[in-house]
Amino acid sequence: MAEAVLQVENLSASYRKNTVLFDVNFVVQAGSLVGIVGPNGAGKSTLLKTILNLHPSLTGSVKFFGLPFNKVQKRIGYVPQRGSVDWDFPTNALDVVTMGLYGQIGWLKRPSRLHKQKAFEALEKLGMADYADRQISQLSGGQQQRVFLARALVQNADLYFMDEPLAGVDAATERAIMTLLKELKALGKTVMVVHHDLQTVEDYFDHVLLLNRTVIQYGKTKQIFTRENISRTYGGDLRWLREESLHVHNPIK
Amino acid sequence: MTYHAMWIIVTASLVGLSCGLIGVFLILRKMAMMADAISHTVLLGIVIAFIITRELSGTHMLIGAIFAGLLTAFLVQWLHSLDVQQDAAIGIVFTTMFAIGVILIATSVGNAHLDVQHALMGEITFIPWNKMSLPLIGEVPKATALLALVLFVVLFVLVAFYKEWKITSFDPALAASLGIPVLLMHYVFLCLVSITTVASFDAVGAIMVVAMLITPAASAYLWTDRLSIMLVLSGLFGVISAVAGYYIAAWVDTSISGSMAFATGLVFFISFLFSPKHGWIARYLRLHKTVKKTG
Amino acid sequence: MFTILLNSNTQWVLFSTMIFGIAAGTMGCLAYWKRQSLMSDALAHAALPGVVIAFLLLGEKNLFVMIIGASISALIGASFIQWIRSSTRISADTAMGMVLSIFFGLGIMLLTVVNRTSGGNQSGLDSFIFGQAASMVRSDVTTMLILALAVILIVFVAFKEWKIYLFDPEFAKGLGLSLKWMNGLYTTILVTTIVIGIQAVGVILIAALLIIPSVSARYWTQSFQRMIIISALFGGAAGALGTFISALGRGWPTGPFIVIVASALFFLSLFFGKEKGILVKYLQLKMQKRLVNIHTSKALRTKGVE
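Chains as they are written, first to last, in the working numbering: chain Z, 1 to 253; chain C, 254 to 548; chain S, 549 to 854.
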């Protein structure tokens, strides 16, 4: 049995006066590649933020590697939604990736050449070496997402949380990102990804967390990702589901 | 140039430099109107410091200003957390605190030492008269010494924590997940804004300090895509505006602080028109070209 | 103290600040839903050079001409903000802050020139900065009244058009409402409201009367129509009461007192308002926590059964 890297117990959180999450419980084993799936407003992003202490929780506890968050912060990487930052910020791609190392560099010190080198290698890995000096607003959506992924990569964390990394990216980027995620998994790292495209869940993730304000099901994709569970997650509207499968095509094929 | 004029220009340049540096992070953190609010509420801080201590010294003013700045931020945050739109919250807080400040001056403090007009418009011409002596340097106007001190603090804090300022401005969520104390840095930044504002008060007054804070930074934002260069340019533009403002004022024979605010506007206007990347002319030409190509 | 109220000039002034408060409260609701609360602050400051230039051209204080000057200058400020926003990457609040402070600086430059040339005579222009209702004469009051009533009328006559324009501009367009015209009309009445209040409240604080009453009104109702009425009431009360208090002391500025009354009303609403007031919210939160607990214990119980 693999080591439990993330234990969430009885977690609940609210936005304003609405309870967004309640009674969330699950345990993630090391080396899992987990897709977090659920309808809009199911609390997927809030779940990540609450786990990472970026959003206050009402109740419950979260343990990473059996320890509280602040003890193991360095082993955890977070990729926020692309839309959460201002891409007009005066900086270039390499610099954004270097930011992933700020936690390791420590206070009062500047990034050294070695750090820049590391950042550049991460960019290279995502096929972005040519864009290192580019101002970030001049990158396409997919390229921006790759920069974010490269930044997560340099953090060299053991547990990653990614908020919709595949939303609105081109097919090539989607491929590059998925290759990277599978590589991370092969290295024994754990990755949790908020995902919106039901069509690709089975191909991409070995575990799936069906979420609608609470955990509907969590487990191996093969066992859990059934029509019945999905319809429970999405409020039982199977007709909607069928429409979805008609309209959404797998961009990778 | 007379001795008197020299001190005015030195003082004004110090204002331009410190405001220019702080301003870069102000606009990148989307806090321009927060600066406007703080520049008004700092008045209340000064009045309260005066009521308590019955004197107007540099340190009391600085403490009063930090207090007022933090209170402003705290109240705005509080109202916002209660569902009030961000800019409505700013509007409520700063007008109320400013009104209280003005009323306190008009009623209890009296016109003896504090003058609202002075606080709003600044009176840089009087600065060289009020001197103190410093070891090694000799006689220095008090306001100038205070500004030099504030500039030193601002410069030190910005340079020492440069990468932390950068990451908390660009991506606070990532910064927090890396263990950088985002909230603490936010409040430290507000303190810097407050002390810069209050130190600039004597020279340019409450409202024109907003021009000095925001406009040079916004102009610099049009010229470069690099944060470090933006900081240098913004400081430079601040100094240029301050000096140009002095000469405009001398030429038209009018308010120096008003002219400095106006000069920041000129610098911005030039940047707005002629910047090669983001300027209006360059943009217009680019647009024209594509229209021609596609047309 | 009540002798002040008997003075006929004070009565007129009181009446006019009240009407102004009502107009500002009404207009403030539109600004609130257009999410442009601080825009009024920027425009008020931007009006200052216009006021002074009008005075320079005319050589005397005439409220009507000054209002025209103020409007032109505020409209120029508004278009600068729009221009900067649309053609650069500079954000809206930065653009507002710049226009606000640069125009104010220009206004102060001009004001200094005026004060110098008119030979130390303050020419009453300084009252435009903090507001001095007592300095208003009968003709000023008339001008104010007419314009304020015009603003109120425009809002109420086209009430349902404003409503769809603010809540769903795309839908409004679909209904054949010209957004360009509505935008133009909106800016015009916003600027009018601001400039008629400048003499009573002053450029620095005038935004308060556009912002505070509308936010306060939100704590009492969910309906747009009632919100406007309550906001107008709050604005009127703040205008009248503030002017009255400032008349009690010699040389007390009017603007700050009006603002204090407005924000006192705001804090009352914030604490005791029936929609989302702190008190009501506190009670709701308690309920929420109880609900969560019930959920959790239920969940635990069902698990126990399994």
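These aren't lab readings, by the way, just hints derived from the structure by calculation. All figures in this text were calculated on a predicted structure; none of them were measured in a lab. Keep in mind that the hints are not guaranteed to be accurate.
Straight-line distance between alpha carbons at most 20 angstroms, and here's what the computed DMTMM-like set of lysine to aspartate or glutamate pairs gives [to be verified]:
| hint | chain 1 | residue 1 | chain 2 | residue 2 |
| --- | --- | --- | --- | --- |
| 1 | C | K395 | C | E417 |
| 2 | S | K834 | C | E376 |
| 3 | Z | K109 | Z | E124 |
| 4 | Z | K116 | Z | D130 |
| 5 | S | K829 | C | E417 |
| 6 | S | K728 | S | E718 |
| 7 | Z | K63 | Z | D86 |
| 8 | C | K283 | C | E376 |
| 9 | C | K416 | Z | E9 |
| 10 | S | K822 | C | E417 |
| 11 | S | K837 | Z | D197 |
| 12 | S | K824 | C | E376 |
| 13 | S | K834 | S | E823 |
| 14 | Z | K116 | C | D336 |
| 15 | C | K416 | C | D336 |
| 16 | Z | K116 | C | E376 |
| 17 | Z | K182 | Z | D170 |
| 18 | Z | K109 | C | D336 |
| 19 | C | K416 | Z | D130 |
| 20 | C | K283 | Z | D133 |
Examples of chain S residues toward chain C, derived with CB under 8 angstroms [claimed, not checked]:
| hint | residue |
| --- | --- |
| 21 | L586 |
| 22 | A626 |
| 23 | L654 |
| 24 | V705 |
| 25 | A706 |
| 26 | G732 |
| 27 | T736 |
Quick reminder that beta carbons are idealized off the backbone N, C-alpha and C, glycines included.
Status of the hints after comparison with the structure:
1. Distance restraint check for K395(C) and E417(C): the Cα-Cα separation of roughly 33 angstroms exceeds the 20 angstroms cut-off, and the hinted pair is therefore not satisfied.
2. Under the criterion of a C-alpha separation no larger than 20 angstroms, the hint pairing K834(S) with E376(C) is inconsistent with the structure, at around 54 angstroms.
3. Taking the CA atoms of K109(Z) and E124(Z), the gap is near 25 angstroms; set against the 20 angstroms cutoff, the hint is violated.
4. This hinted pair checks out: K116(Z) and D130(Z) have alpha carbons roughly 15 angstroms apart, not beyond 20 angstroms.
5. Proposed proximity of K829(S) and E417(C) is contradicted: the alpha carbons are some 37 angstroms apart, above 20 angstroms.
6. At most 20 angstroms may separate the alpha-carbon atoms for a hinted pair to count; K728(S) and E718(S) meet this at roughly 12 angstroms.
7. This hinted pair does not check out: K63(Z) and D86(Z) have alpha carbons roughly 32 angstroms apart, beyond 20 angstroms.
8. Among the hinted pairs, K283(C) with E376(C) is inconsistent with the structure: their alpha-carbon atoms are about 30 angstroms apart, more than 20 angstroms.
9. For the hint linking K416(C) to E9(Z), the alpha-carbon distance of about 36 angstroms lies beyond 20 angstroms, and the restraint is violated.
10. Between K822(S) and E417(C) the alpha-carbon distance is near 43 angstroms, which puts this suggested pair outside the 20 angstroms criterion.
11. Proposed proximity of K837(S) and D197(Z) is contradicted: the alpha carbons are some 34 angstroms apart, above 20 angstroms.
12. Taking the CA atoms of K824(S) and E376(C), the gap is about 46 angstroms. The hint is violated against a cut of 20 angstroms.
13. Only pairs whose Cα atoms come within 20 angstroms are accepted, and K834(S) paired with E823(S) is accepted, the gap being roughly 16 angstroms.
14. Simply put, K116(Z) and D336(C) have alpha-carbon atoms about 42 angstroms apart, too far for the 20 angstroms limit, and the pair is violated.
15. In summary, the hint linking K416(C) to D336(C) is not supported, as the alpha carbons are separated by about 33 angstroms, beyond the 20 angstroms threshold.
16. Restraint check: the Cα-Cα separation between K116(Z) and E376(C) comes to about 48 angstroms, which exceeds 20 angstroms; the hinted pair is violated.
17. A hinted pair counts as satisfied when its Cα atoms are at most 20 angstroms apart, and K182(Z) with D170(Z) qualifies at roughly 18 angstroms.
18. Among the hinted pairs, K109(Z) with D336(C) is inconsistent with the structure: their alpha-carbon atoms are about 39 angstroms apart, more than 20 angstroms.
19. Our distance criterion of 20 angstroms between C-alpha atoms is broken by K416(C) and D130(Z), whose separation comes to about 24 angstroms.
20. Restraint check for K283(C) and D133(Z): the C-alpha separation of about 25 angstroms exceeds 20 angstroms, so the hint is violated.
21. Interface restraint check: L586(S) against chain C, minimum CB-CB distance 4 angstroms, threshold 8 angstroms, status holds.
22. With 8 angstroms as the threshold, the beta carbon of A626(S) stays out of range of chain C, its nearest partner Cβ sitting at about 16 angstroms, so the hint is violated.
23. Interface hint status for L654(S): upheld, as the beta-carbon distance to the closest one in chain C is roughly 5 angstroms, under 8 angstroms.
24. Checking V705(S) against chain C by beta carbon gives a least distance of about 26 angstroms; that is not within 8 angstroms, so the hint is violated.
25. Annotation: A706(S) was flagged as interfacial toward chain C, and the flag is violated, the nearest CB pair being 24 angstroms apart, outside 8 angstroms.
26. With a cut of 8 angstroms, the hint placing G732(S) at the interface with chain C is violated, because the nearest CB-to-CB distance is about 23 angstroms.
27. The interface hint given for T736(S) is broken, as the beta carbon of that residue sits about 21 angstroms from the closest beta carbon of chain C, more than 8 angstroms.
Comparing the model with each numbered hint stated earlier shows that hints 1, 2, 3, 5, 7, 8, 9, 10, 11, 12, 14, 15, 16, 18, 19, 20, 22, 24, 25, 26 and 27 do not hold.
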